[in-house]
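Fit chain C to the given chain D structure using the hints.
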Amino acid sequence: MAHQIEVDRLSKHYQVHEKEPGLMGSLRAFFARKYRVVKAVEGVSFNIDAGEMVGFLGPNGAGKTTTLKVLSGLLYPTSGRVNVLGFIPHQRQNEYLKQFTLVMGQKQQLMWDLPPMETFLVNRAIYEVPKGDFAAILKELDDLLELGPLLKKQVRKLSLGERMKCELAAALLHRPKVLFLDEPTIGLDVTMQARIRDFIAEYNRRHGATVILTSHYMADVTALCERIIVIDRGRLLYDGNFRALIERVAPYKVLKLQFERPPDLAALAQFGTVARADGLTAVLHVPRAHATDMAARLLSQVEVDDINFEEPAVEDIIRQVFAGQVDGLLSETGMARAS
Amino acid sequence: MRYARLFGLFLKASFLVELEYRANFAARAMVSVFWAGVTLVGAGVFYSHTDTVGGWTFDEALVIIGLFTFMGGVIQTFLQPNVQRIIEMIRLGTLDFVLTKPVNSQFMASLRYSQMFSIVDMLLGVAIVVWALFRLRYAPDLLTLAQFALMLVMAILIVYSIWMVIATLAFWLVKVNNMAELFNSVYDTGRFPVTTFQGLIRLALTFVVPIAFITTFPAQSLLGWLDATTLLAAVAMGVGLFTASALFWRRAVRSYSSAGS
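Those protein sequences? They're chains D and C, same order as listed.
If you're matching positions, the first sequence starts at 1 in the working numbering and goes up one per residue.
If you're matching positions, the second sequence starts at 1001 in the working numbering and goes up one per residue.
Do not take every clue at face value.
To be verified - Calculated pairs, SDA-like style, for lysine to any residue (alpha carbon to alpha carbon, straight line, at most 20 Å):
1. C:K1175 to D:M117
2. D:K39 to C:S1255
3. D:K98 to C:S1105
4. C:K1012 to D:M117
5. D:K98 to D:Y203
6. C:K1175 to D:V16
7. C:K1175 to D:E18
8. D:K34 to C:S1255
9. D:K34 to C:W1172
10. D:K98 to C:N1104
11. D:K153 to C:L1016
12. D:K19 to C:L1173
13. D:K153 to C:V1017
Hints in this document: simulated from the structure, not taken from any laboratory.
Treat the numbers as computed from the prediction; the structure is a model and nothing was measured.
Here chain D stands alone, though its shape is the one from the complex (with noise of 0.2 Å):
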């Protein structure tokens, strides 16, 4: 087996029922219900190795968390291939368990009424850890996420984030080879997003864990992930190196400027594409490969108050990407994962 994760064509379709809106709509339902068939995931295909922090991007509904089930053997496949660590996902065969883990961030596996060891010392009997494994596994977990005094905690007691600490803790006890983390920093306030972002980075490279992350913070993925997965409406639209991605769409760096004086649009328009302007500021997009010439000659020439370089917005970029805006990103995926 080449990769350690092979998807080949996966399609995953649903039925779902369909109801119209108010009292009626509802009545009709109960009766005689429409389904229609959801195209969840449709023909995607990519191979990860092992060791890789691949992100998965893409707007609600995209199929992300569909692959990512489908990865954990939790649903079945409408059609396509899926090959893990040797395993196929859906027959679920306790081998292939046990050397992977999925967390998600909006469903938590504790139990609520008690302390997060009471979960751990659950886990460790499913998956069978050793008592010695699983003491220097802990110390770890602990040192790494700080979890000291969280332990002796009812679940319920403790904060958002204090609980994803634990989930994470929770989920990593059997030491997985394969992490699945599914939005794992939802809800999260800055600091403790960026506490748990360095503790994946971490535990990647200590372990050479394989990691799939789906995540709408941008920063989790631009932190975390060389690669990235673009998923919409079921479709595959990129997949490759992060960076190539955005020096394809987006070849060009943000210049900020501030005036003192209301500027000469037409003058700017030499170095540049103007953005925006408005009053006393501009933007203006000037090609990445002549930015700092571009920005000698700027200076030179035009009254400037402030000068500010920027790369572009990521979110701009990926949104980009999803109106379709891009176009042949496709055709250049194998070539932007050979480089």
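Chain C in isolation, oriented as in the chain D frame:
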């Protein structure tokens, strides 16, 4: 062996949860005593008008009432809380965590959370049975006890399977709480000997929703009235229903749609 240890661990965790809520425990104990009392007084009223009901004297019927209370305890302790939990997990999609664990998913889903308070009902049930035997001045011999034990195991398997089938329906129908209620109502007939009922109802309570196998037949076996046919039927019913429930569960897991994101 591994499963016995896991079950022990599940019980321990459930017990710890209950210890968190002491007041609830006291209330539950009172509810149990109250309902056992209601059943006993009800039977007393019945027998004040007649000597036998469906061929059972009051003291004999006490054995059924004891078993009814005991099995009710089994349902309240082990089946109902887990079935409710399964329904909820299917609705919210948290069954994901059960299905991704390297352990039999039906075992884990159906025995994870027990409501230990209701053990009170099981103890009350045993007490009523012992009291009944005492009043009858009857001590079953070893063979009878062994038969009774087998009948009891089959009774538990039958109730377990019925509850699991209801829970499994939730994979398609999502909310099946009312079906659980429906079973509880039918189960209420178990406090009377099945011979009290006539014709179709009696057939239904024997073969469709086999309440007879849960209280009446085990009581008969304890009293030493059981014939071999009923014993075999009970074993067939228990093993058959259990197998069916397990197959149904496996089929359902295939069509699990994992709600939420």
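Hint by hint, here is what the structure shows:
At most 20 Å may separate the alpha-carbon atoms for a hinted pair to count; C:K1175 and D:M117 exceed this at roughly 32 Å. For the hint pairing D:K39 with C:S1255, the CA-to-CA distance comes to about 16 Å; that is within 20 Å, so the pair holds. Of the pairs offered as hints, the one joining D:K98 and C:S1105 holds, with about 14 Å between alpha carbons and a cut-off of 20 Å not exceeded. A hinted pair counts as satisfied when its Cα atoms are at most 20 Å apart, and C:K1012 with D:M117 qualifies at roughly 13 Å.
Taken as a hint, the D:K98 and D:Y203 pair is honoured in the structure, with Cα atoms around 18 Å apart against an allowance of 20 Å. Restraint check for C:K1175 and D:V16: satisfied, since their Cα atoms lie roughly 16 Å apart, inside the 20 Å limit. Of the supplied pair hints, the one linking C:K1175 and D:E18 holds, its CA atoms being roughly 17 Å apart against a limit of 20 Å. For a cut-off of 20 Å, the pair hint linking D:K34 to C:S1255 stands: about 19 Å separates their Cα positions.
Taking the CA atoms of D:K34 and C:W1172, the gap is about 15 Å. The hint holds against a cut of 20 Å. Straight-line distance between C-alpha atoms of D:K98 and C:N1104 comes to about 13 Å, which keeps the hinted pair within the 20 Å bound. The suggested pairing of D:K153 with C:L1016 holds, with an alpha-carbon distance near 13 Å, which does not exceed 20 Å. At roughly 16 Å between alpha-carbon atoms, D:K19 and C:L1173 fall within 20 Å of each other, so this suggested pair holds.
Using a Cα cut-off of 20 Å, the hinted pair D:K153 and C:V1017 holds, with the two alpha carbons roughly 13 Å apart.
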